[in-house]
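Each chain is listed here by its residues.
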Amino acid sequence: MSVKGDKEIEEALKQGKLVIVMGKCDAKIRIQAPKDKVKVVVRE
Amino acid sequence: MSTGPVQPPLPNVFCWLLGKCEFYHVTQFVIIPPGLDVTILWAPEEEDKVQLIFALSFGKPRNYATGEVLYTDEIGFWHRGRGMKLHWDPLVESITGIVYPHITPATKEEPFEIRFVNRTTNITAIMDVSIWIFEYHKKDYQDFLEFARGFVNLFRLFGRFKTAEEAEAFLRGLAR
Numbered sequence: 135m136s137v138k139g140d141k142e143i144e145e146a147l148k149q150g151k152l153v154i155v156m157g158k159c160d161a162k163i164r165i166q167a168p169k170d171k172v173k174v175v176v177r178e
Numbered sequence: 098m099s100t101g102p103v104q105p106p107l108p109n110v111f112c113w114l115l116g117k118c119e120f121y122h123v124t125q126f127v128i129i130p131p132g133l134d135v136t137i138l139w140a141p142e143e144e145d146k147v148q149l150i151f152a153l154s155f156g157k158p159r160n161y162a163t164g165e166v167l168y169t170d171e172i173g174f175w176h177r178g179r180g181m182k183l184h185w186d187p188l189v190e191s192i193t194g195i196v197y198p199h200i201t202p203a204t205k206e207e208p209f210e211i212r213f214v215n216r217t218t219n220i221t222a223i224m225d226v227s228i229w230i231f232e233y234h235k236k237d238y239q240d241f242l243e244f245a246r247g248f249v250n251l252f253r254l255f256g257r258f259k260t261a262e263e264a265e266a267f268l269r270g271l272a273r
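Order-wise, the sequence lines are chains A and B.
In my numbering, each residue carries its 1-based index in the first sequence increased by 134.
In my numbering, each residue carries its 1-based index in the second sequence increased by 97.
Source of the hints: derived by calculation from the structure; they are not laboratory data.
Glycine residues also receive a C-beta, built at the ideal position from the N, C-alpha and C atoms.
Among the clues, some could well be false.
Said to hold, decoys possible - Incomplete in silico selection of chain B near chain A, CB under 8 Å:
no.	residue
1	132
2	139
3	232
4	234
Assemble the whole structure, with the sequences as input and the hints as a guide.
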């Protein structure tokens with residue numbers, strides 16, 4: 135997973151959001167969070 | 098950085114021996130910008146599942162801008178779940194340097210709660226975290242609880258014997 139320099143991540147950080155970057159997996163996980171404060175990024 | 102083995106407790110025997118749960122870990126980067134205070138809830142997406150979180154392990158927390166290792170009590174997370182009181186975990190070595198044990202079941206109705214806080218005004222932190230999980234169907238989780246209670250009851254029984262000889266006599270009686 136590449137994090138630094140990723141436009142989607144950098145944009146979320148500029149907006150002051152918590153960013154959670156996770157790899158795609160078979161497990162189905164629900165992260166419930168306010169969208170204006172948290173960005174969940176799933177990477178292949 | 099967490100060092101040492103992740104030691105799966107009793108559920109590992111249950112999963113491996115009976116095939117009634119599945120093991121995996123979720124590895125993620127968490128990037129915490131300055132001034133942040135937000136709570137997230139973690140749960141299985143499926144209503145019929147239980148995720149038994151049994152450990153967390155951490156990479157070294159770093160300053161996102163510089164890449165330098167960052168230990169500070171100004172950034173961290175509060176968390177709680179079933180059997181775990183709400184408590185503060187700052188990004189310091191005594192927390193991030195260990196494999197952090199849990200026995201915390203999370204369900205859709207009873208999620209695991211994590212509140213990320215960054216009290217600084219100018220530091221963004223990044224850390225990688227692995228969350229180690231056994232996942233059960235709810236009915237199999239009830240079977241597992243029975244299995245675990247069996248161990249507890251067995252050791253309670255042994256606790257009643259005042260001497261090793263008494264315990265031995267009891268076991269010899271069973272073997273007859």
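Quick rundown of the hints versus the structure:
1. 132: holds, 6 Å
2. 139: Holds: closest Cβ of chain A sits about 6 Å from residue 139/B, inside 8 Å.
3. 232: With Cβ-Cβ at 7 Å, under 8 Å, it holds.
4. 234: This interface hint is violated because 13 Å lies over the 8 Å limit.
This entry does not satisfy hint 4, going by the numbered hints stated previously; all others are met.
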